[in-house]
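Trainee: Chain by chain, the residues:
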Amino acid sequence: MSLYRRVLRLLSPDLERDYGAAMEDMFDSKRDDARRKGVLGLVIFTWREFGGLMAVSASHIISTIGQDTRQAARRLMRSPSFTIASVLTLALAIGANGAIYAVVKHVVIDPLPYADSDGLIELDHGAQRLKVTNGLGLTRGIYFHYLNRAQSIQSAAVYQSADRTLTGRGDPEPIRVTATTPSLAQVLGVAPVVGRWFTDEEGRPGGPAVVVLSHGFWTRKFGRDTNAIGQSIVIGDVPRQIIGVMPASFAFPDPRVELWTPEQIAPEMGFGLWSYAGVARLRDKVSYESARSELTTLLGGLAQAFPGDRGAIGNSDIGLSFTGRLLKEASVGNVRQALWMLLASVATVLLIACANIANLFLVRSDVRQREVAVRRALGAGRLELGQYFLSESFLLSAFGGGLGLGLAVAATRMLVTAGPSTLPRLREIQVDSPVIAYIALLSAIAAVAFGTIAFARSSFSYAALSDTGRANTVTRDRHRMRHVLLGGQVALALVLLIAAGLMARTFQNVRAIDPGFDVASALTFRIGLPARQFATRDAALAAHSQLLDRFKELPGVSGAAVTSCLPLSGGCHGNSLLIEGQPRVPGATLPIAVFRAVSDRYFETIGTRVLLGRGIDSNDVDHREPVAVVNDVFAKKFLGDRNPIGQRVASNRPPPSAGTMEPEWLTIVGVVANTPTRSVDESPIPTLYMPLSMGDGPDSPPGRIGPAISVLTYVLRTSTPPLDLVPQVRQAVLAFDGNLPIAQVASLQEVLDRASAQMQFTMVLLVIAASVSLLLGTIGIYGVMSYTVSRRTAEIGVRIALGAEPSGIAAQILKQGAVVTGIGMAIGLAAAFAGARFITSLLYGISARDPFIYVTTCGAVFGIALLACWLPARRAARLNPVSALRAE
Amino acid sequence: MTPLSDLAFHVLLALGDGPSHGYAIGKNVEGRSGGRLDPTTGTLYQVLQRLAEDGLIASARSPAGTDERRKYFALTAQGRRVASEEAGRLDALVRAARKLGLYPQRA
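Note that the protein sequences, when read in sequence, are chains A and B.
So the first sequence is residues 1 to 888, counted in this note's numbering.
So the second sequence is residues 1001 to 1107, counted in this note's numbering.
Hints are not guaranteed to be accurate.
Non-contacting residues of chain A with respect to chain B, defined by C-beta distances greater than 10 Å in every case (computed) [what the hints assert, rightly or not]:
1. Glu-24
2. Ala-55
3. Arg-240
4. Gln-264
5. Arg-283
6. Ala-539
7. Ala-834
Just a few of them, taken from the derived set where beta-carbon distance is under 7 Å, the chain A residues facing chain B [said to hold, decoys possible]:
8. Ala-21
9. Ala-22
10. Asp-32
11. Thr-46
12. Arg-874
In case anyone wonders, no lab produced these hints; they're calculated from the structure.
Beta carbons are placed, not taken as given, at the ideal position from N, Cα and C, and that holds for glycine.
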């Protein structure tokens, strides 16, 4: 065969079939003509002829695609159950994938809305000798030290956030303000949308008092009026001039911040305190690791850099190291792992869906075996047969993908509402163009996947034609293929269900942890006293005690108390301790505890049990008695088996200067139950409670490190629904002082719920993935089994006519299903066992190989699978042999 | 039915004289169009296939002694009718153009 004809057969099989010989003849004649015109004529001729073939083939394909699609649509309409099942299966799987991809993309892949965010690191430190692994932040001294010496850093900024009071524009309100060095805008690569950012001049001590607004604040307070620039607002008694507004996407360090002010510091101010957080941009091509090692090395030179500075000297022997992470990783935290796991599991679900549809395609292609064989016999090329199947699979996945897109949009909206607010950029999550592209890609991959499987399975011989035409059972290896797919589905569904079950138990366990306080019917909120107005400790104490008295008189309030730090609010004040009778061993680390200053009846009000001795009473607070109450873990860890009552402890600060000053000893009078500090599943942290009057006021001598009592959290025990009391509480505060802001109003139940919100989010996502996969698996088993039965209708009819017991026939079909399910479950169990270590870190109070979860999940999957087989089996058993044979 | 393409009409004209084969049809089309149309083998046969499917041409018996690969085509009655309709359509267009002064009057 000539080359021309072979190319023709490849590119345009039907032309070749009809006119191959005649075209070859014409080609030869024309070539002879061309040869007479010389070599150039021959080259042009060859070029034209073969190019012409390609053009013919292309125009043919374009015209047949439309035709194929119409035909495929007609074929699909003829088998609506297959079409609906496939489209729904795809839509569910693709929708779940799209939604979770949207979450992962915004939260994990792209959590920071800044240019070149890969080069941003946080500036953070740990002190090995203090057993503080990280989270110290940095001091202004270290900031300038790095700025002057570090080669790996291009720019850096430090900042600190605080709740302040905004006055002068409507009611006074608490507002979160971040004070930052002007360098922040350069580090993050951001600029205001209106006005300007801080100049270096404004960042020096004594610089002008200015402020930059968040987009939200500008909208809320000024209705986006550009005339806001130049106006003044009063923040914490200081009038500040508005100079700019940041874009809506800018939320640094977190979305609660509404205002930015310049932090006015200079190198001459000395080493300073660990009060800052920091962020830096690495120079181009500097790796995180090399930056970290350079900064850790620089820390060794602190004492020399600040000669004679007490702070620098005091911090030179605590084993400082640089512990800042890439900002991207720091902002995502431990959700990252959970989300990746979820994306993997929904991808698995899509795999299940593809297996399902491939399976349905297979049973359908059995039915169409004869149709395909006839086409083949009539000369249809492999290319045309491929088109035949691919046009169907593409049409199915186009519909499935479209519907899936709709589901993804709905699911994303739901997740955004339900998700924990700690997730970065949660509010921005939406199905945008990259997510749509992802969905389109998945749909195309799915179409190719199951279309190809069906096509590959259809490339059989003419043997189908020699079949008698009687609906026979299909060949053995076709059976095996289908069963492998079914077993695989069972295995995947089992793995996901076990993971979801473990997560649900974890959530249950966490919720069942006794938080050490009574969450039912209690209201909490914070009140901060402006230092200018309440300038002394006594003034602050008096104000809080008057407020407490007002609250106690409110109808529906059965008790009221205050604390410097509520459980689960994190960031409690802590310090190292001296314990009387335990001599300080040089080099040994001192015990560290969280300090809380509380009012009388605090334990009764919040519902924390007193295990030993007594709580703090009004006499302690009124007379500033040097007493303390410790929690259970404090007593066990630091006091051993001694009776805690009567022991004396003291804060290590201020350091007792050589013999002249005795530390301020507190006598332990009681032991109370542990309460969580940051998260419910943490191991309890030693805590020391002291009377409110022992805390520090604005006038306390510098260097004292006690709990500050200007800003306190109130706890009201109520007999009515707690949030109903909010208006009366506001009224009472207003009557006391119109300038006091109330912040963070919540019931104790909400405080507790928030602490487990992230875990709940993970669990909900996993449960969604698992139920979708179980649903798809069940549909798959049911679909294949009932198809098997309908294909065997004639055979079963004959057997029943020959006297087979209907129950025997049902049992045989059930057994077939049970064997496939059993094998799939065995594989799933092995996979779950092997993968257990990946989920361990997410679990609490349950082993990743918990036998109960494994057994119940297996039982449930087996039961559901058998049910899916039982329905078709029953149908088989009830077949009427006469009508079964007539159906032929 | 889609309107007859330029090349298809030329093919029908080439068969107006009696049955012919691909190479000869191609030559005829090239000559009649003054070299404007010079279809490749593939293009020509795509048109021939289309015309055959539409019933405008049909296979014809090959004259004795020709290459056995050579395939002859002839106009069908419908093909004749369609060709004549197409010619009428073109004639009407030419007359319209004359009326508008876009084409010189016949001498």
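Trainee: Please go over all the hints and tell whether each is borne out by the structure.
Mentor: For each hint, the structure was consulted:
1. Glu-24: violated (6 Å)
2. Ala-55: Given a closest Cβ separation of 7 Å, the condition is violated.
3. Arg-240: holds (76 Å)
4. Gln-264: holds (81 Å)
5. Arg-283: holds (61 Å)
6. Ala-539: Its Cβ never comes within 10 Å of chain B, the nearest being 95 Å, so this holds.
7. Ala-834: Answer for Ala-834 (chain A): holds, closest chain B Cβ roughly 58 Å.
8. Ala-21: Status holds, d = 4 Å.
9. Ala-22: holds (4 Å)
10. Asp-32: Hint violated; Asp-32 (chain A) Cβ to chain B Cβ min 10 Å, cut 7 Å.
11. Thr-46: Violated, about 11 Å.
12. Arg-874: violated (52 Å)
The structure is inconsistent with the numbered hints 1, 2, 10, 11, 12, although it conforms to all the rest.
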